[in-house]
Structure formats: structure tokens, C-alpha cells
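Protein chains in written order, with this note's numbering: chain A, 9 to 121; chain B, 6 to 116.
Just so you know, the hints here were simulated from the structure itself, not pulled from any lab data. Positions of the beta carbon are idealized from the N, C-alpha and C atoms, including for glycine. Among the hints, a few may not be true.
Unchecked claim - Label pairs and their computed distance ranges (CB to CB): (1) B:I113 <-> A:T91: 27 to 35 Å; (2) A:F28 <-> B:A21: 40 to 48 Å; (3) A:S16 <-> B:T49: 40 to 48 Å; (4) A:F28 <-> B:M85: 37 to 45 Å; (5) A:M96 <-> B:E14: 12 to 20 Å; (6) A:Y18 <-> B:K81: 45 to 53 Å; (7) A:R81 <-> B:T13: 31 to 39 Å.
Unchecked claim - Counterexamples of contact, computed for chain A against chain B with all Cβ distances above 12 Å: (8) V12; (9) S16; (10) E70; (11) G71; (12) E80; (13) S88.
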Amino acid sequence: DVKVTQSSRYLVKRTGEKVFLECVQDMDHENMFWYRQDPGLGLRLIYFSYDVKMKEKGDIPEGYSVSREKKERFSLILESASTNQTSMYLCASSIGGSSYEQYFGPGTRLTVT
Amino acid sequence: GQNIDQPTEMTATEGAIVQINCTYQTSGFNGLFWYQQHAGEAPTFLSYNVLDGLEEKGRFSSFLSRSKGYSYLLLKELQMKDSASYLCAVKRSGGSYIPTFGRGTSLIVHP
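Only chain A is shown next, with the shape it has when bound in the complex:
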């Protein structure tokens, strides 16, 4: 079974803190993704990566950065957390190519106070 794990299920941070969300997949997938999910807005793509050290902006990259130093690991960084970044963050991975489904991690519920 493909497994995508995220470092925390719940996280509480203060405004202005630097926040790291880690995602690891164990199936040698080329593609990895970070989404945030908010009520009424659905899943919105923040960043994705199709190879080590490669990254592309998604629909809402402002306030975020990412790092992919190893194939299995994709990190999302909030340089200076703000209250409007309170959300559920979901990581996903997929095999390279167009027709393959994504496998999602369990999510991290981040609260910024």
C-alpha cells in the first residue's frame, strides 16, 4: 500500500512564527503536492514538485515556500505564519504521468493564533 505521512495531525502556532510541515511518501513517486482545504473553498493547490529540487507554484503560493531535497520528502514552509493560514493542509503524491491518481496524507490541521 502507498503510504503518505505528514509530520503532525494538529499544530498550533503563533502569528509570525516560521512553520514547517513535512510530508513523506514511501512509493518512489515523482510528483508531490501541497494543498490547503477550507470549508466552502475545497482543495486549493499551493505548490507542487515533479522531481527532486524542482518546484512549481500552484494557485495560492503567496506566503508559502517549499523544499524537496529528497524524492520521498516534500516540505511546506510558512515563513511568517498569519491567522489567515489557519487551515487543513494536505500533502499528496502520484506517479509521474497524466493518468495516475493522487495519494493523500492524513492532513495537518494548523491553527495560527
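Based on these hints, arrange chain B on the given structure of chain A.
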């Protein structure tokens, strides 16, 4: 640009059939996915359609009409455990795999 529409919420009775619609307007369509997401859990893959027609997989079927920009997910013999959100996602044009998700349809199955 991408525009994907799904109903926000639907209710149905255990044992019945329900159809969840998804309409989309995209540039360069390259496939449509359906995912299921139970409350508090990660989305899981249900189906993928790239050609017109119906794909059946057990109690779940998915239909696509590319000319109409329309898909539906059909759930038969509904069970209580089918209560979940159902997400439609359209693959964007271009060489990379970047799906755009609709806002999801919350399905409530009652006895």
C-alpha cells in the same frame, strides 16, 4: 482558466441510487477524477475518466461527456458508510499533471 461546479450538499436514503454531477469549463481537458473524502480523513481515489462514456466499478460508476463538459458519479445501493464528500477534479492542459478540484459535494445518507 478553470471552473468546476458541483452541488454543495445532497441527501439520499439507504439502499437508493444517487447521482452527483460535476460540470467544468477548462482549457485543454485531459481527464477527470472522482475522490471520496470521509470527515476528518484524506481523500481517496474512486475513478478516472478520459474518454466519453460510463466506467463501472462495483457500486460506483462514473460518466463523462467531454463535449458537454459534464461528468457524474453514480452510487448504487447506498450504504450509511457512503456518507462523505465527493470531489471532482479535472486535469489541466499541458504536460504536467496538475488537477484542479471542485469544492466537493457532501452526501448524507440516512436510514
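Inset, instruction - Check each numbered hint against the structure and report the violated ones by number, ascending. - result: 3, 6, 8
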